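2 protein chains.
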Amino acid sequence: MGTEADQGHLQLAPESFLSTDLINEIQREGIDSGRRTLIRGAIAAATAAIAVPSVRAADDPDIVNLPSWTRSLGKPVVANPYGQPSPFEANIVRRQSPGLTRTDQSSVSFTPLQNLFGMITPSGLHFERHHQGWVDIDPRRHRLMINGLVKTPLVFTMEELLRMPSVSRIHFLECGANTGLEWGNVAVPTVQYTHGMLSASEFTGVPVSLLLERAGIDRQRAKVLLAEGADGSSMTRTINLENALDDALVAYGQNGEMLRPENGYPLRLVVPGVQGVSWVKWLRRLEVGDEPWATKDEAAHYVDMMPDGTHRQYTSIQEAKSVITAPSGGQKLLKHGYYSVTGLAWSGRGTVEKVEVSVDGGRNWRPARVEGPVLPKALTRFQYDWVWQGEETLLQSRVTDSTGYAQPSRAELIGVRGTRSIYHNNAIQTWRVGSDGEVHNVQLG
Amino acid sequence: MGTEADQGHLQLAPESFLSTDLINEIQREGIDSGRRTLIRGAIAAATAAIAVPSVRAADDPDIVNLPSWTRSLGKPVVANPYGQPSPFEANIVRRQSPGLTRTDQSSVSFTPLQNLFGMITPSGLHFERHHQGWVDIDPRRHRLMINGLVKTPLVFTMEELLRMPSVSRIHFLECGANTGLEWGNVAVPTVQYTHGMLSASEFTGVPVSLLLERAGIDRQRAKVLLAEGADGSSMTRTINLENALDDALVAYGQNGEMLRPENGYPLRLVVPGVQGVSWVKWLRRLEVGDEPWATKDEAAHYVDMMPDGTHRQYTSIQEAKSVITAPSGGQKLLKHGYYSVTGLAWSGRGTVEKVEVSVDGGRNWRPARVEGPVLPKALTRFQYDWVWQGEETLLQSRVTDSTGYAQPSRAELIGVRGTRSIYHNNAIQTWRVGSDGEVHNVQLG
Numbered sequence: 475m476g477t478e479a480d481q482g483h484l485q486l487a488p489e490s491f492l493s494t495d496l497i498n499e500i501q502r503e504g505i506d507s508g509r510r511t512l513i514r515g516a517i518a519a520a521t522a523a524i525a526v527p528s529v530r531a532a533d534d535p536d537i538v539n540l541p542s543w544t545r546s547l548g549k550p551v552v553a554n555p556y557g558q559p560s561p562f563e564a565n566i567v568r569r570q571s572p573g574l575t576r577t578d579q580s581s582v583s584f585t586p587l588q589n590l591f592g593m594i595t596p597s598g599l600h601f602e603r604h605h606q607g608w609v610d611i612d613p614r615r616h617r618l619m620i621n622g623l624v625k626t627p628l629v630f631t632m633e634e635l636l637r638m639p640s641v642s643r644i645h646f647l648e649c650g651a652n653t654g655l656e657w658g659n660v661a662v663p664t665v666q667y668t669h670g671m672l673s674a675s676e677f678t679g680v681p682v683s684l685l686l687e688r689a690g691i692d693r694q695r696a697k698v699l700l701a702e703g704a705d706g707s708s709m710t711r712t713i714n715l716e717n718a719l720d721d722a723l724v725a726y727g728q729n730g731e732m733l734r735p736e737n738g739y740p741l742r743l744v745v746p747g748v749q750g751v752s753w754v755k756w757l758r759r760l761e762v763g764d765e766p767w768a769t770k771d772e773a774a775h776y777v778d779m780m781p782d783g784t785h786r787q788y789t790s791i792q793e794a795k796s797v798i799t800a801p802s803g804g805q806k807l808l809k810h811g812y813y814s815v816t817g818l819a820w821s822g823r824g825t826v827e828k829v830e831v832s833v834d835g836g837r838n839w840r841p842a843r844v845e846g847p848v849l850p851k852a853l854t855r856f857q858y859d860w861v862w863q864g865e866e867t868l869l870q871s872r873v874t875d876s877t878g879y880a881q882p883s884r885a886e887l888i889g890v891r892g893t894r895s896i897y898h899n900n901a902i903q904t905w906r907v908g909s910d911g912e913v914h915n916v917q918l919g
Numbered sequence: 475m476g477t478e479a480d481q482g483h484l485q486l487a488p489e490s491f492l493s494t495d496l497i498n499e500i501q502r503e504g505i506d507s508g509r510r511t512l513i514r515g516a517i518a519a520a521t522a523a524i525a526v527p528s529v530r531a532a533d534d535p536d537i538v539n540l541p542s543w544t545r546s547l548g549k550p551v552v553a554n555p556y557g558q559p560s561p562f563e564a565n566i567v568r569r570q571s572p573g574l575t576r577t578d579q580s581s582v583s584f585t586p587l588q589n590l591f592g593m594i595t596p597s598g599l600h601f602e603r604h605h606q607g608w609v610d611i612d613p614r615r616h617r618l619m620i621n622g623l624v625k626t627p628l629v630f631t632m633e634e635l636l637r638m639p640s641v642s643r644i645h646f647l648e649c650g651a652n653t654g655l656e657w658g659n660v661a662v663p664t665v666q667y668t669h670g671m672l673s674a675s676e677f678t679g680v681p682v683s684l685l686l687e688r689a690g691i692d693r694q695r696a697k698v699l700l701a702e703g704a705d706g707s708s709m710t711r712t713i714n715l716e717n718a719l720d721d722a723l724v725a726y727g728q729n730g731e732m733l734r735p736e737n738g739y740p741l742r743l744v745v746p747g748v749q750g751v752s753w754v755k756w757l758r759r760l761e762v763g764d765e766p767w768a769t770k771d772e773a774a775h776y777v778d779m780m781p782d783g784t785h786r787q788y789t790s791i792q793e794a795k796s797v798i799t800a801p802s803g804g805q806k807l808l809k810h811g812y813y814s815v816t817g818l819a820w821s822g823r824g825t826v827e828k829v830e831v832s833v834d835g836g837r838n839w840r841p842a843r844v845e846g847p848v849l850p851k852a853l854t855r856f857q858y859d860w861v862w863q864g865e866e867t868l869l870q871s872r873v874t875d876s877t878g879y880a881q882p883s884r885a886e887l888i889g890v891r892g893t894r895s896i897y898h899n900n901a902i903q904t905w906r907v908g909s910d911g912e913v914h915n916v917q918l919g
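Chains as they are written, first to last, in this note's numbering: chain D, 475 to 919; chain E, 475 to 919.
Source of the hints: derived by calculation from the structure; they are not laboratory data. Errors might be hidden in some of the hints.
Claimed, not checked - List time: in silico EDC-like cross-link candidates among lysine to aspartate or glutamate, alpha-carbon distance up to 20 Å: (1) D:K625 <-> D:D692; (2) E:K806 <-> D:E633; (3) E:K809 <-> D:D692.
Every value quoted in this text rests on a predicted model; they were computed, and no experiment measured them.
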């Protein structure tokens with residue numbers, strides 16, 4: 475599953491930075507709602523009594539001698555006209571899972587969630603899932619066709635699309651197969667591989683509704699859209715018209731700049747809340763139709779095998795899900811004491827209503843702090859105060875979304891879906907912290 | 475002022491995509507509030523009557539022959555473990571303004587605002603302003619000291635900071651000298667050079683308030699902070715304690731990953747709403763004091779020269795400001811017809827309340843569409859429907875922020891501030907569209 479040498483840009487090696495009294499209080503009381511308010515509303519006040527453990531300067535050989543960068547002239551501006559990460563972050567990259575697919579052109583690379591912060595994924599670390607490799611398209615030669623049940627078929631150049639009214643919105647993008655290996659007894663080691671087919675960007679583009687109206691969509695008969703890509707696989711997917719007219723975009727922008735080639739440059743379909751395969755990359759055509767096409771990419775793939783032997787097809791909304799990204803599998807807690815447990819929550823049906831964390835394998839749940847702005851069909855970051863004294867611990871998170879739906883346990887999910895699925899696993903994830911501080915992926919129930 | 479060969483990733487070359495009736499309506503009525511509601515609430519309905527101008531497929535030689543990327547196997551996943559922009563976007567880079575400073579280590583590179591979308595700046599295109607060049611700091615050797623009027627001075631390692639509670643927030647960062655050349659009669663050609671010392675990111679870090687409380691700040695005497703960088707210039711700035719305790723962060727994260735080296739890796743001070751020079755990069759020390767330090771970096775620089783010969787020092791809040799980024803100087807409108815005029819608005823004192831656009835040099839103003847989420851001390855994207863029939867046009871935008879403050883005209887600003895300033899120019903920007911479609915920077919009043 476790739477080299478796990480550097481799962482953290484810095485190993486988690488906490489000393490307690492809270493006073494013994496506060497540690498005892500947290501252990502005794504948990505983070506109840508009063509305490510949460512205290513922390514959110516007035517961090518300063520809440521920590522006024524905190525003791526002081528850090529290293530004193532004079533005791534630290536690393537800072538007695540000034541480092542070279544403090545004694546020299548640095549590099550000029552535009553040394554990198556397009557900037558790059560620090561060389562000290564060279565291990566924070568997308569990683570492939572060798573052997574997962576027959577060729578590297580139809581494979582997956584995973585986002586290093588364990589190393590990321592906030593709600594935006596850097597475009598350079600956005601996960602990849604291709605069906606016939608990725609391509610460098612010349613935007614001057616790229617076209618978008620609108621055809622099918624429309625009054626007049628249209629073909630747009632990129633120039634024409636770029637001068638139309640646009641919208642920008644932050645959304646998550648999750649592959650339907652994300653967390654797929656967890657259906658079986660294969661507990662892959664890290665959150666990069668369990669949940670790393672998940673990224674989020676600010677996307678910019680033209681509303682699909684505007685393009686369809688311009689072509690004169692036949693509102694009486696139209697039920698679905700076919701989205702088709704310009705790569706060698708001519709990737710095709712059926713999109714419900716309801717989703718398309720609601721908030722779908724023909725997007726050219728990602729995190730403020732043009733899309734990256736491996737993410738569909740110069741054009742991809744954005745269907746917020748829907749599984750990633752429907753966000754067709756290198757988009758060249760939208761055909762309006764009256765029934766699903768059952769193309770090769772949707773008849774054989776992205777189908778859920780149910781316990782009674784039937785297939786569930788066109789299941790496309792990514793249900794509410796959450797995961798703790800740190801501490802997570804492959805990391806090691808080097809010392810006892812305080813940790814800010816952090817992770818991500820999301821729902822394809824709306825916003826995150828609340829996130830809860832359990833440190834005892836699901837017997838007790840306490841609310842996590844949820845970070846704003848909480849946006850629809852976007853990632854939401856959460857944090858939870860935790861003090862580890864060396865005991866074996868089962869860490870879990872659970873999200874409830876704005877529809878009232880709560881993320882299921884693994885046992886609950888399997889009860890409904892069986893174990894023959896590949897796609898749409900949104901079960902609660904469990905990380906076991908051993909008494910040696912090592913964190914492992916375990917499957918409960 | 476650098477090569478302007480590629481001011482747009484695609485030249486703006488619109489044909490009208492609105493019907494003649496709708497064009498006439500927009501010209502006659504402008505975009506009044508009813509029309510705005512129509513567009514925002516129901517884009518589909520508003521454009522149902524639109525005529526159909528686009529190229530038909532059979533007439534377009536570029537799409538008769540399928541391009542190579544549609545007939546081949548593409549590149550494998552993790553061809554780039556850390557992804558890069560398309561080679562077709564190679565001209566979208568930060569650009570230096572040669573001769574602006576004596577050495578390239580104390581210079582500026584500007585963000586290509588004319589090519590960007592949404593509210594996030596890609597980290598690779600974040601502007602640079604260094605005082606002694608940028609450096610690659612080894613995070614294992616970096617320390618942050620808290621000293622001065624505190625009970626116990628502290629020194630933190632990066633590991634210690636990374637395990638503390640953090641917050642992530644989207645904020646703009648603007649150099650106090652942004653738009654500085656416009657004080658004189660130097661109308662630089664493009665928005666990259668007039669306004670490109672402006673970027674915005676999602677920053678992640680530890681609240682300064684938490685660190686100060688932990689060190690036991692002397693609340694009776696403390697009035698200011700000194701922030702000090704670890705580069706060769708030992709950059710130092712006085713920060714008001716009020717700003718520091720309000721929403722300032724000791725940040726390690728930018729747009730989901732660790733800060734870029736030229737933006738302060740591994741640690742920079744984030745002081746939302748305050749001019750960029752106070753966001754000290756490579757932050758190594760915060761000293762609590764009872765009066766401003768008047769260090770070399772604040773006594774001689776970032777001082778406003780007033781008309782009466784006095785100096786205005788420690789002026790630090792970036793007042794409300796906006797600018798149209800497309801069409802903008804150096805771009806050319808190749809055809810008559812519809813344009814979505816777009817730009818950015820921001821305020822160091824809160825949120826954007828409204829943005830107005832004038833197409834007649836400021837005689838008439840009409841509301842622009844403002845894109846959400848509208849966040850405090852962040853960039854807000856606006857758009858405005860405009861039909862150009864070849865007439866010479868003066869394009870302007872004006873923001874009003876949540877305090878009720880409205881962006882001043884150039885004449886109003888000079889009336890108060892004179893013309894001897896370098897810093898804090900937030901005047902309304904004017905772009906003149908000539909009858910040949912070329913867009914130039916002009917100074918009114």
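Status of the hints after comparison with the structure:
no.	hint	in the structure
1	D:K625 <-> D:D692	holds (7 Å)
2	E:K806 <-> D:E633	holds (13 Å)
3	E:K809 <-> D:D692	violated (31 Å)
Checked against the numbered hints given earlier, this structure breaks only hint 3.
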